[in-house]
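A.B. asks: Each chain is listed here by its residues.
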Amino acid sequence: EAGVAQSPRYKIIEKRQSVAFWCNPISGHATLYWYQQILGQGPKLLIQFQNNGVVDDSQLPKDRFSAERLKGVDSTLKIQPAKLEDSAVYLCASSQFGTSGAYEQYFGPGTRLTVT
Amino acid sequence: AQRVTQPEKLLSVFKGAPVELKCNYSYSGSPELFWYVQYSRQRLQLLLRHISRESIKGFTADLNKGETSFHLKKPFAQEEDSAMYYCALSAAGNMLTFGGGTRLMVKP
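Chains S and Z, in that order, give the protein sequences. Okay, so the first sequence: first residue is 1 according to the working numbering, each after it adds one. Okay, so the second sequence: first residue is 1001 according to the working numbering, each after it adds one.
A few of these clues could be false.
As the list claims (entries may be wrong) - In silico SDA-like cross-links for lysine to any residue, where the CA-CA straight-line distance does not exceed 20 Å:
hint, chain 1, residue 1, chain 2, residue 2
1, S, 44, Z, 1026
2, S, 44, Z, 1057
3, Z, 1107, Z, 1048
4, S, 44, Z, 1105
5, S, 44, Z, 1058
6, S, 62, S, 37
7, Z, 1073, Z, 1052
8, Z, 1057, Z, 1027
9, S, 44, Z, 1002
10, S, 83, S, 13
11, S, 44, Z, 1003
12, S, 44, Z, 1001
13, Z, 1009, S, 37
14, Z, 1009, Z, 1024
15, Z, 1022, S, 40
16, Z, 1107, Z, 1041
17, S, 11, Z, 1026
18, Z, 1057, S, 104
19, S, 44, Z, 1091
20, S, 44, Z, 1024
21, Z, 1107, Z, 1063
22, S, 15, S, 38
Unchecked claim - Here's a subset of chain Z near chain S, in silico, CB distances under 7 Å, partners left out:
hint, residue
23, 1039
24, 1043
25, 1046
26, 1086
27, 1094
28, 1095
29, 1099
30, 1100
31, 1101
32, 1105
In case anyone wonders, no lab produced these hints; they're calculated from the structure. Cβ coordinates follow ideal geometry from the N, Cα and C atoms, glycine included.
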């Protein structure tokens, strides 16, 4: 099966500019996640979607970050305006949905953002 | 709130030596623990989960609730084991909290 797709793979912008990332999850996966991974750290969950609804966005800096999954499939993550500290790899992951136990998350290749 | 700690940023061993990557967690509920691995130029992927209690690529990990640990072990390291290893904890809703990661280098 095709894996999680992300684009672009790399992006360089200046601070105060805006940027958007796209993610296409594995077909049939109802749950989609966006993570931020700063160099030298583990991934940090930004937002989790269940179909087109938000399950958790408690760690999303909502003054500048936004995300949507309008049709319950693809998702976009936007940063506006970007700050230097937003430089990181942005990972998208997807998983099946169930009520018993935690499901394996499948990760995309990530988008490496550099803010100058 | 949950927290995962991997005390070693880098672990370097020789081929054939035993390996133990440490992971400690704090969580008030009943945790589900995972090890994810990222090989060079590859995606982050699941290595194993405590609930399945299986050995993957020779690696095992036992959940010790008394010590709140989930250390990853392999008796004889191979060069192809060189990678970044992340311990992760799943709380309600399948949300993962990752540790900071340990880079394992297996020298020939």
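A.B. asks: For every hint, state whether the structure bears it out.
C.D. replies: Hint check:
Restraint check for residue 44 of chain S and residue 1026 of chain Z: the C-alpha separation of about 16 Å stays at or below 20 Å, so the hint holds. Taking the CA atoms of residue 44 of chain S and residue 1057 of chain Z, the gap is near 27 Å; set against the 20 Å cutoff, the hint is violated. Proposed proximity of residue 1107 of chain Z and residue 1048 of chain Z is contradicted: the alpha carbons are some 24 Å apart, above 20 Å. Taken as a hint, the residue 44 of chain S and residue 1105 of chain Z pair is broken in the structure, with Cα atoms around 24 Å apart against an allowance of 20 Å.
Distance hint between residue 44 of chain S and residue 1058 of chain Z is unfulfilled; the C-alpha atoms sit about 28 Å from each other, more than 20 Å. Pair hint residue 62 of chain S plus residue 37 of chain S holds up; C-alpha atoms about 17 Å apart against a cutoff of 20 Å. About 16 Å separates the Cα atoms of residue 1073 of chain Z and residue 1052 of chain Z, which keeps this hinted pair within 20 Å; it holds. Our distance criterion of 20 Å between C-alpha atoms is broken by residue 1057 of chain Z and residue 1027 of chain Z, whose separation comes to about 28 Å.
With a CA separation close to 12 Å, the supplied pair residue 44 of chain S and residue 1002 of chain Z stays within the 20 Å bound. Taking the CA atoms of residue 83 of chain S and residue 13 of chain S, the gap is near 10 Å; set against the 20 Å cutoff, the hint holds. Only pairs whose Cα atoms come within 20 Å are accepted, and residue 44 of chain S paired with residue 1003 of chain Z is accepted, the gap being roughly 11 Å. Restraint check: the Cα-Cα separation between residue 44 of chain S and residue 1001 of chain Z comes to about 14 Å, which is no more than 20 Å; the hinted pair holds.
Using a Cα cut-off of 20 Å, the hinted pair residue 1009 of chain Z and residue 37 of chain S holds, with the two alpha carbons roughly 15 Å apart. For the suggested pair residue 1009 of chain Z and residue 1024 of chain Z, the alpha carbons sit about 14 Å apart, so the restraint of at most 20 Å is met. For the suggested pair residue 1022 of chain Z and residue 40 of chain S, the alpha carbons sit about 17 Å apart, so the restraint of at most 20 Å is met. For a cut-off of 20 Å, the pair hint linking residue 1107 of chain Z to residue 1041 of chain Z stands: about 19 Å separates their Cα positions.
The straight-line distance between the Cα atoms of residue 11 of chain S and residue 1026 of chain Z is roughly 36 Å, outside the 20 Å bound, and the hint therefore fails. Restraint check: the Cα-Cα separation between residue 1057 of chain Z and residue 104 of chain S comes to about 17 Å, which is no more than 20 Å; the hinted pair holds. Pair hint residue 44 of chain S plus residue 1091 of chain Z holds up; C-alpha atoms about 14 Å apart against a cutoff of 20 Å. A distance of roughly 17 Å separates the Cα atoms of residue 44 of chain S and residue 1024 of chain Z; the hinted pair therefore holds under the 20 Å criterion.
Taking the CA atoms of residue 1107 of chain Z and residue 1063 of chain Z, the gap is about 28 Å. The hint is violated against a cut of 20 Å. This hinted pair checks out: residue 15 of chain S and residue 38 of chain S have alpha carbons roughly 17 Å apart, not beyond 20 Å. Interface hint at residue 1039 of chain Z: violated, since its Cβ lies 12 Å from the closest Cβ of chain S, which is beyond the 7 Å cut-off. Proximity of residue 1043 of chain Z to chain S holds as hinted, the smallest CB-CB distance being about 5 Å (cut-off 7 Å).
Given the 7 Å rule on beta carbons, the hint for residue 1046 of chain Z holds: about 5 Å separates it from the nearest Cβ of chain S. A least Cβ separation of about 5 Å between residue 1086 of chain Z and chain S falls short of the 7 Å threshold, and the interface hint therefore holds. Checking residue 1094 of chain Z against chain S by beta carbon gives a least distance of about 5 Å; that is within 7 Å, so the hint holds. Interface restraint check for residue 1095 of chain Z: the shortest CB-CB distance to chain S comes to about 6 Å, inside 7 Å, so the restraint holds.
Taken as an interface hint, residue 1099 of chain Z checks out: its beta carbon lies about 5 Å from the nearest beta carbon of chain S, inside 7 Å. The beta carbon of residue 1100 of chain Z is positioned within 7 Å of a beta carbon in chain S (closest approach about 5 Å), and the interface hint is therefore held. This hint holds: residue 1101 of chain Z has a C-beta 5 Å from the nearest C-beta of chain S, less than the 7 Å allowed. Residue-level restraint check for residue 1105 of chain Z is violated (minimum Cβ-Cβ distance to chain S is 16 Å; threshold 7 Å).
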